[in-house]
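Q: Here's the letter readout for the chains.
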Amino acid sequence: MALALTARRAGPVPAPLRAKRRRDRLTVLAFLAPWLIGLSVFFIYPLVMTLYYSFTRFDLVTAPHWIGLRNYEFFLTKDPKVWQAVRNTAWLVVILVPARMIFGLGVSMVLTTVRRGGGLFRTLFYLPALAPPVAATLAFVFMFNPETGPVNVGLAKIGIQGPLWFNDPAWAKPALVLLGLWGIGDLMIIFLASLLDVPKDQYEAAALDGVRPWQRFRYITFPNIRPVLTFGAVTGVIAALQYFTEASVAATVASGKANVGEGIGTTLGYPDGSTLTYPQWLFVKGFSDYALGYASALAVLLFAVSVIFTVILLRKAQAFTPTEESLR
Amino acid sequence: MSSIALEQIPRAASMTTPTRRRRRKESVFAFVMRWCMVIALSTVFLAPVIFIGLTALMSNEQALTSQLWPQSWHWDNFVTVFQKAPLLTYFANTLLYASLSTVFMLVSSVPAAYAMARLRWRGRNLAFLAVLTMMMLPPQVTVVPVYVMWSHLGLTGSLWPLILPNLFGDAFSIFLLRQFLLTIPQDYADAARIDGCSEFKVMWRVILPMAKPGIAAAAMFSFFFAWNDYYGPLLYTSENPNQWTVSLGLANFRGLYQVQWNLTMAMTLLVMIPVVVVFFLAQKSFVEGVTLTGVKG
Numbered sequence: 001m002a003l004a005l006t007a008r009r010a011g012p013v014p015a016p017l018r019a020k021r022r023r024d025r026l027t028v029l030a031f032l033a034p035w036l037i038g039l040s041v042f043f044i045y046p047l048v049m050t051l052y053y054s055f056t057r058f059d060l061v062t063a064p065h066w067i068g069l070r071n072y073e074f075f076l077t078k079d080p081k082v083w084q085a086v087r088n089t090a091w092l093v094v095i096l097v098p099a100r101m102i103f104g105l106g107v108s109m110v111l112t113t114v115r116r117g118g119g120l121f122r123t124l125f126y127l128p129a130l131a132p133p134v135a136a137t138l139a140f141v142f143m144f145n146p147e148t149g150p151v152n153v154g155l156a157k158i159g160i161q162g163p164l165w166f167n168d169p170a171w172a173k174p175a176l177v178l179l180g181l182w183g184i185g186d187l188m189i190i191f192l193a194s195l196l197d198v199p200k201d202q203y204e205a206a207a208l209d210g211v212r213p214w215q216r217f218r219y220i221t222f223p224n225i226r227p228v229l230t231f232g233a234v235t236g237v238i239a240a241l242q243y244f245t246e247a248s249v250a251a252t253v254a255s256g257k258a259n260v261g262e263g264i265g266t267t268l269g270y271p272d273g274s275t276l277t278y279p280q281w282l283f284v285k286g287f288s289d290y291a292l293g294y295a296s297a298l299a300v301l302l303f304a305v306s307v308i309f310t311v312i313l314l315r316k317a318q319a320f321t322p323t324e325e326s327l328r
Numbered sequence: 001m002s003s004i005a006l007e008q009i010p011r012a013a014s015m016t017t018p019t020r021r022r023r024r025k026e027s028v029f030a031f032v033m034r035w036c037m038v039i040a041l042s043t044v045f046l047a048p049v050i051f052i053g054l055t056a057l058m059s060n061e062q063a064l065t066s067q068l069w070p071q072s073w074h075w076d077n078f079v080t081v082f083q084k085a086p087l088l089t090y091f092a093n094t095l096l097y098a099s100l101s102t103v104f105m106l107v108s109s110v111p112a113a114y115a116m117a118r119l120r121w122r123g124r125n126l127a128f129l130a131v132l133t134m135m136m137l138p139p140q141v142t143v144v145p146v147y148v149m150w151s152h153l154g155l156t157g158s159l160w161p162l163i164l165p166n167l168f169g170d171a172f173s174i175f176l177l178r179q180f181l182l183t184i185p186q187d188y189a190d191a192a193r194i195d196g197c198s199e200f201k202v203m204w205r206v207i208l209p210m211a212k213p214g215i216a217a218a219a220m221f222s223f224f225f226a227w228n229d230y231y232g233p234l235l236y237t238s239e240n241p242n243q244w245t246v247s248l249g250l251a252n253f254r255g256l257y258q259v260q261w262n263l264t265m266a267m268t269l270l271v272m273i274p275v276v277v278v279f280f281l282a283q284k285s286f287v288e289g290v291t292l293t294g295v296k297g
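Chains as they are written, first to last, in the working numbering: chain A, 1 to 328; chain B, 1 to 297.
Heads up, some of the hints might be wrong.
Short derived list, chain B residues pointing at chain A, Cβ under 10 Å [unchecked claim]: (1) Ser99; (2) Pro111; (3) Arg124; (4) Ala171; (5) Ile194.
Mimicking EDC-like on lysine to aspartate or glutamate, the simulated pairs with C-alpha atoms at most 16 Å apart in a straight line are [stated by the list, open to error]: (6) B:Lys201 - A:Asp24; (7) B:Lys284 - A:Asp186; (8) B:Lys212 - B:Asp195.
Simulated restraints on C-beta separations [stated by the list, open to error]: (9) A:Thr123 - B:Leu64: 45 to 51 Å; (10) A:Lys81 - B:Val44: 33 to 39 Å; (11) A:Arg218 - B:Ala40: 24 to 30 Å; (12) A:Ile95 - B:Ile273: 31 to 37 Å; (13) A:Leu155 - B:Leu208: 53 to 59 Å; (14) B:Ala40 - A:Val61: 54 to 60 Å; (15) B:Ser42 - A:Pro199: 28 to 34 Å; (16) A:Lys157 - B:Leu64: 15 to 21 Å.
Derived from the structure by calculation, the hints contain no laboratory data. The beta-carbon is built from N, C-alpha and C at its ideal position, and this holds for glycine as well.
Just chain A, with the same shape it has in the complex (with noise of 0.2 Å):
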């Protein structure tokens, strides 16, 4: 990264205009000095060093040692979990983004109707996103609970069979999806803030017109949300490519073992490799068995997808940079 601090200069320049830029230059600088260190230490170096790495074997004892595309070789052909991990973390990508768009999307335009109590509402449809991930987790695993937790339980005052959820290998990813809605909280807010945001008048202009609500929200209510909506789109496909945390509390809880003290290789997964989603696999090659060659091989397939989102993202960066009239 280029950081050329030079003004552009037209002509020559007086000395005491000279100076003056070099004190701005020195103090962006300095503003910068951490920032700067903090880049070239834990993003830029890391980042050369995995791509190293993943032509290596490296057990974090011995040095690295050179084995060309090895790696990805047993990734494409000899890992036995890596494709059910690649599914699962598809899987999220498929249905988790989606449904946490649509309910996100549903409950803000909601909230966007109701006129007395709307802080109090909009307040308590966000507090679960601040739960912690692994308190949300335990409770939605004890929730359901195939025999005696409250959904099956409820379900079957109305004569349901509920599923075994986190048991089942069918269900537990469709249970972490429900674990996904109820912290809808972030994406609500921003859907919020930007649905306040259209403009009054085009809605009036369309009542006017007669204009039936699906039309509404088609051609007025749509068009001016979309680049938030691409915004959480893009954010949740990020988000879901590093589903960690709550795939891997919900199999060691239902589970009923401790993945410290017995290994997390031994859980992860649970039930039959079902919510094992990429990283997790990353993780248990890389610091449970210590294969930091291939971890890192994982690691450089995840960046490669990762970045394709990144680069959509950043595409639309303009969307981030309405600075220049706010600094004239």
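Once you have looked at the hints, place chain B on chain A.
A: For chain B alone, kept in the frame of chain A given last:
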């Protein structure tokens, strides 16, 4: 920037009111529908917390049944938890992690955000792009070399690998602070500069006092992130229970110490409470902060 104050919600009702005549005709039906939905949603969002609370107060035997209401109220569960697991150590570790991270983050990120929002220099946009990229890429992408680095420094097994990087700027905090600093008019700073203030003085005396809500929001995000963090402590301290945070302790509580749901739920509640308290103390700036993380609509 689309920041909203709490009072603005009630006024945003015109979306459902096409014309006055149709409004009157629809109103009873719409009113009932609306409140049914609001009440249903409130129930859904509240129910888990109520279940946790009720179970936390049950006896161990009752917590294993499907009953919802405690037969007798076991407030002593909240004391028993502290005897069953080194909960005070967990809280102390978490508090240390969260508060040091927050202070370090502010020291390093506020000046960087200030430079990106308020100073003009070539490469400013590029630097901001770098911040966004750091913010967006999953931490797992760089985790191996960073872990190796801390292991060479002999700091794995402690929380320092999670605290110290905050001294060198946190991408999300820089982003949030920058967004907030951009909303402050430039005139005040210009006036101070004409009076001969140094740039540091302009930041410290003029801009930062006006940026208090933004700084509060960034501090809270940072604190909550550390308080809720599970991945980081799991990575660096799982072999060393003396350094565990509440998240790590809670995740392992049921397996290591107990299979008792009532105690597990009591601990769950104890871990949630500090976050909720902090949130209510600074609700307004926090909500503004969340809004600022979204893009302009």
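Q: It remains to establish, for every hint, whether it holds in the given structure.
A: Evaluated hints:
1. Ser99: violated, 16 Å
2. Pro111: Nearest chain A Cβ about 4 Å off; hint holds.
3. Arg124: OK, holds: B:Arg124 within 10 Å of chain A, min 9 Å.
4. Ala171: Holds. Min distance 8 Å.
5. Ile194: violated, 14 Å
6. B:Lys201 - A:Asp24: holds, 14 Å
7. B:Lys284 - A:Asp186: Judged against 16 Å, a Cα distance of about 14 Å means the pair holds.
8. B:Lys212 - B:Asp195: violated, 23 Å
9. A:Thr123 - B:Leu64: 45 to 51 Å: 34 Å Cβ-Cβ, so the 45 to 51 Å window is violated.
10. A:Lys81 - B:Val44: 33 to 39 Å: For A:Lys81 and B:Val44 the Cβ distance comes to about 35 Å; the hint holds.
11. A:Arg218 - B:Ala40: 24 to 30 Å: holds, 26 Å
12. A:Ile95 - B:Ile273: 31 to 37 Å: For B:Ile273 against A:Ile95, whose Cβ atoms are near 32 Å apart, the range 31 to 37 Å holds.
13. A:Leu155 - B:Leu208: 53 to 59 Å: holds, 54 Å
14. B:Ala40 - A:Val61: 54 to 60 Å: holds, 57 Å
15. B:Ser42 - A:Pro199: 28 to 34 Å: holds, 30 Å
16. A:Lys157 - B:Leu64: 15 to 21 Å: holds, 19 Å
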